[in-house]
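One line per chain: the protein sequences are A and B, in this order.
Heads up: the first sequence runs through residues 1 to 138, numbered per our numbering.
Heads up: the second sequence runs through residues 139 to 264, numbered per our numbering.
Check before you lean on any hint, since a few could be wrong.
Straight-line distance between alpha carbons at most 30 Å, and here's what the computed BS3-like set of lysine-lysine pairs gives [to be verified]: (1) B:K218 with A:K87; (2) B:K224 with A:K87; (3) A:K49 with B:K218.
Derived by calculation from the structure, the hints in this document are not laboratory data.
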Amino acid sequence: MTEPTSTMSADEAFGRALVARTTFEKEAVWLPSLAVHHMNAGDPVIRGKTFTDCVIEGPAVIAILDGMILDGCNLGATGNSRNLLLKPLGDKIVGAIGIADSRFVRCRFVQVGFTGNEGYLEEMAGDLIDMAKQGEGA
Amino acid sequence: MSDTLTFQAMGPGPVYRGIELWLPLLLHETVLAGRSVIEGKTFIECRIHGPAVLIPVSGCAFDGCNLGDSHGDMRNLLLKPMGPSKIVGGIAMKDCRFERCDFLAIGYSGTPEFLAQMETIPGLPK
Chain A
1 MTEPTSTMSA
11 DEAFGRALVA
21 RTTFEKEAVW
31 LPSLAVHHMN
41 AGDPVIRGKT
51 FTDCVIEGPA
61 VIAILDGMIL
71 DGCNLGATGN
81 SRNLLLKPLG
91 DKIVGAIGIA
101 DSRFVRCRFV
111 QVGFTGNEGY
121 LEEMAGDLID
131 MAKQGEGA
Chain B
139 MSDTLTFQAM
149 GPGPVYRGIE
159 LWLPLLLHET
169 VLAGRSVIEG
179 KTFIECRIHG
189 PAVLIPVSGC
199 AFDGCNLGDS
209 HGDMRNLLLK
219 PMGPSKIVGG
229 IAMKDCRFER
239 CDFLAIGYSG
249 TPEFLAQMET
259 IPGLPK
């Protein structure tokens, strides 16, 4: 359940309204807060969102799940773009924020790392590195 | 669902006892105080919430803690940096002590030595 109701506290209603949103444009998004509001609403994964021209702030590690797209984003300043990536050592991923079926368009990431399934993490690394270079050149 | 996690501002400590603690918020307070690393804190019987990836930089001790739901394999809590130097997105902690704390939705990253040490800890049963 994500819709606010009259019996909810103001904080809870705010959280549910945030979870129900599908578009974010030209705003700062504190990813840990967005994730906690989704968890409070019973959804451990952020899905079905479009972020356009937003600043996505951590500290956070995003677990890239099916259908998450980065389009023209600046992933943050770092000397080596592989510093943005973390490889899970087990079959599960704990501590990261799962994002699926969501699109980030021209967003800037601050203090955000990325992880994902081991199978395609190396492949993803190439794309991230290319995007990071574009961001550094912007 | 009706339960909602809410967190009060935690303040500078340095000792936190018996509270619900949201790690991203503690870092936020730390940054507002002009520091980038959570340093020199003691946490006693706290429930420490993520989602977050904790990076013990140096001098951190875990005494009698539940490090999280490992599903029987501590490697499920661990993330290995793929880059050669710094780790982006984690929460660095230095010279901190955790006594009988519970960690929820917390992963761990750090040096190869730290990760190897963590792998030797028996995971809770599946």
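Which of the numbered hints above does this structure break? Nothing - there is no hint that the structure violates, so all of them hold.
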